[in-house]
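Engineer: Residue strings, one per chain:
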Amino acid sequence: MKEWAIILIAAILFIPALQGSVLADRRDLTVTPEEVGLSSERLANVERLMNRHIEEKKLAGGVVLIARKGKIAYFKAFGRSDTDRPMNKDTLFRIASMTKPITSVAVMQLYERGYILLTDPVSKYIPEFKAPKVLVMFPKGSVPPYELVPAKREITIRDLLNHTSGLTYRFLADWFPDPIHLQMAEFYKEAGVSDGLDEPEGTVGETVVKLARLPLAFHPGEAWEYSNSGDVLGYLVEVVTGMTLKEYMDTYLFKPMGMHDTYFYPPAARQKDISALWTTDWKGNLEKVTGPMSMGHLRFSPNYPEGGVYFSGGSGLLSTAHDYFQFCQMMLNKGEIDGKRILSRKTVELMTATNQIGEFDSYLIHGKGWKFGLGFSIQMDRNHEIDSGGPGVFEWAGLHSTRFSVDPAEDRITIFLHQHEPFFHHVPLWERILAISTSAIAD
Amino acid sequence: MKPIFGIGRIRNVALLITMCLVFVLPAWATAPRFAPEWFQKDVESLPVVVAHEYPPYRSVSIGGKGPHARIVSAVFAVAGEDVDLVVQPARSLMIYALSQEETAAVVGEEADFEGVSRKQLVFVPFHIKEARYFRYRPNHGGGSNWDGKLENMRGTVLGLEGPTDVRVWEKAGISVALGALPALLERLVAGEIDILGADAERTEWLIRKRMPGKEKQFVAMEIPAWDSFSYVVFNTNLGTGESLAARFVDALKRLLRDGGYDLILQNAGSRQALSDMQRKKLIQRLDSLKIPDN
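Protein chains in written order, with numbering that gives the first Met the number 0: chain A, 0 to 442; chain B, 0 to 293.
Keep in mind that the hints were calculated from the coordinates and are not lab data.
One or more of the hints may lead you astray.
A short list of chain A residues far from chain B (calculated; beta carbon distances all over 10 Å) [claimed, not checked]: (1) Glu33; (2) Lys88; (3) Glu185.
Capping the alpha-carbon separation at 25 Å, the derived lysine-lysine pairs in DSS-like fashion look like this [stated by the list, open to error]: (4) A:Lys188 to B:Lys118; (5) A:Lys188 to B:Lys208; (6) B:Lys64 to A:Lys123; (7) B:Lys64 to A:Lys132.
Idealized CB from N, CA, C, for every residue including glycine.
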């Protein structure tokens with residue numbers, strides 16, 4: 000037989016075997032809800048809820064994954080991922096700020112290995128952060144409208160991880176249109192500091208050194224303020240390791256964690272599997288976003304072309320529900336997944352079970368009763384309006400409407416991925432899905 | 000009378016020192032691992048000269064901060080002044096530094112000072128930038144030069160960075176569209192404007208950065224469109240501004256005449272050396288400057 004024919008036959012036999020093994024891994028994790036103490040009957044409410052929202056054209060589609068005791072008990076795709084494609088379990092989503100917890104893990108690996116201390120000033124690694132100044136607004140009509148005062152202290156790595164650095168986000172001027180946020184948004188816009196979602200040009204390092212020279216919204220450590228500190232942390236990883244953030248994450252996170260479908264810029268072969276991004280008014284008007292667009296101070300683009308080099312540690316990743324489950328499971332397992340140790344148990348506890356922001360509240364998507372660890376918001380009690388199942392639950396979200404929740408007490412993970420702007424419309428739906436996930440616990 | 004340093008007293012002092020060490024050393028071992036100076040205001044590094052982002056001429060992302068930063072620092076050095084040149088990412092922060100902080104001088108273009116009171120300021124030109132007219136080959140081909148006559152562009156739509164006085168172009172029958180340079184470049188590619196008139200080095204840098212692979216599609220017309228100055232603007236409010244400006248001017252003239260200026264530009268990677276005409280123009284402007292006495 001000719002050599003080429005042998006190769007062809009081998010390929011025909013071997014490639015499906017390889018594909019099969021990947022799928023088999025995933026199937027191994029799938030169980031019936033009852034096997035892990037969840038009620039199928041109660042989980043069926045997710046389907047009813049999702050289908051109703053899709054019929055009402057509030058959203059085009061989404062994926063819900065609920066896991067318990069290390070097994071996937073509920074994993075369904077709903078609706079459409081694009082005008083001409085159904086949603087499926089392997090659809091890629093722009094996870095935006097759900098990148099931040101992953102970047103935080105990268106930073107904590109450097110901490111564990113002795114490369115950095117959480118108390119280190121960021122300027123030790125990125126000198127542009129030396130001697131920051133803080134914006135103080137004068138009453139309306141004053142000339143000049145503000146003054147810049149020296150910060151009481153420098154920003155530390157810990158401040159970046161728990162969002163008390165004094166940095167902010169440009170889009171927050173839409174959420175909190177007070178003089179400080181509006182002026183900060185002006186500074187960020189004038190300096191061309193991207194929120195990381197709008198096909199930014201250059202490298203993230205170029206943005207970070209500009210950001211470093213801009214005033215802070217408050218003195219470091221004196222308020223909790225969500226920000227693009229994730230980009231600074233990502234660049235910090237690059238400075239400390241000499242690798243790009245992509246290289247670092249591929250090597251030390253995605254490969255060992257089995258996250259084979261998580262990218263900053265998906266390869267050409269996977270581009271068609273990226274969900275469309277939609278705008279919705281939650282009243283039946285859904286529109287596909289086809290190019291860069293603005294919504295108030297927020298600028299975003301659906302495009303993440305192969306070969307991009309802007310590796311945003313704050314908002315740059317695309318992933319699947321299954322890959323993000325792997326990440327959540329690693330955190331739930333106290334740092335270990337599939338026999339690979341990513342972080343130590345003590346470090347995971349520091350990140351997800353320890354309040355790092357004192358008296359402040361993690362108010363952006365949660366509120367009273369929620370604190371912040373290092374990269375994650377943590378539920379502290381059940382006495383307040385946002386309840387994800389109990390104290391100790393840790394969560395975060397992505398601005399294009401992606402959510403995850405990890406419940407260590409019940410050994411449970413809930414993930415809901417879809418792609419709709421603006422973010423706030425889906426919040427009641429997410430809370431209902433979480434309530435269903437919680438009330439499905441039947442042991 | 001007992002001796003001051005008797006055996007007993009020496010023993011007691013030795014005991015005291017030992018006790019101090021016993022209690023203090025563990026405290027050192029467990030002390031916070033940060034240096035206090037990380038959390039203190041750095042009064043030593045007060046910026047003297049503030050510029051703002053204007054790549055490729057000056058930018059925090061460019062090694063050595065770009066040709067403008069190199070020239071200004073070198074001229075100050077020749078004038079006997081070591082300056083800390085800070086590049087701010089936003090123009091408004093540069094203006095704030097000039098008006099509200101103890102900043103000796105700032106670096107910028109004429110348009111940066113629109114609406115800023117010039118009473119206490121001394122404008123010293125230190126560089127001349129060349130502007131060109133650009134066409135986009137796929138839309139208009141590579142031909143047609145303006146040959147130094149605006150009427151050759153009659154009937155076209157010209158994109159210019161605003162705000163600017165457009166009367167001279169409109170008088171020649173040219174429609175002018177104002178905008179920011181990145182937006183104008185996109186409009187040129189989209190065919191919404193026929194010609195773009197802008198700083199040549201900055202435009203070519205932006206094309207390389209934003210439209211890699213398309214560089215050859217942009218044609219810069221042969222004859223330069225106009226020249227414009229960049230300035231170091233001295234603040235006379237501080238009391239030392241005039242003398243500093245005078246020394247800066249002397250040092251700059253020296254560098255322009257002895258070739259040091261060209262060497263700095265070349266080392267900073269600037270694509271454009273000063274022409275003899277530009278050098279003459281710059282020196283003439285410096286000669287005609289009237290810097291008020293202290």
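Engineer: So, for every hint listed, does it hold in this structure?
Structural biologist: How the hints compare with the structure:
no.	hint	verdict
1	Glu33	holds (52 Å)
2	Lys88	holds (36 Å)
3	Glu185	violated (7 Å)
4	A:Lys188 to B:Lys118	violated (30 Å)
5	A:Lys188 to B:Lys208	holds (19 Å)
6	B:Lys64 to A:Lys123	holds (20 Å)
7	B:Lys64 to A:Lys132	holds (21 Å)
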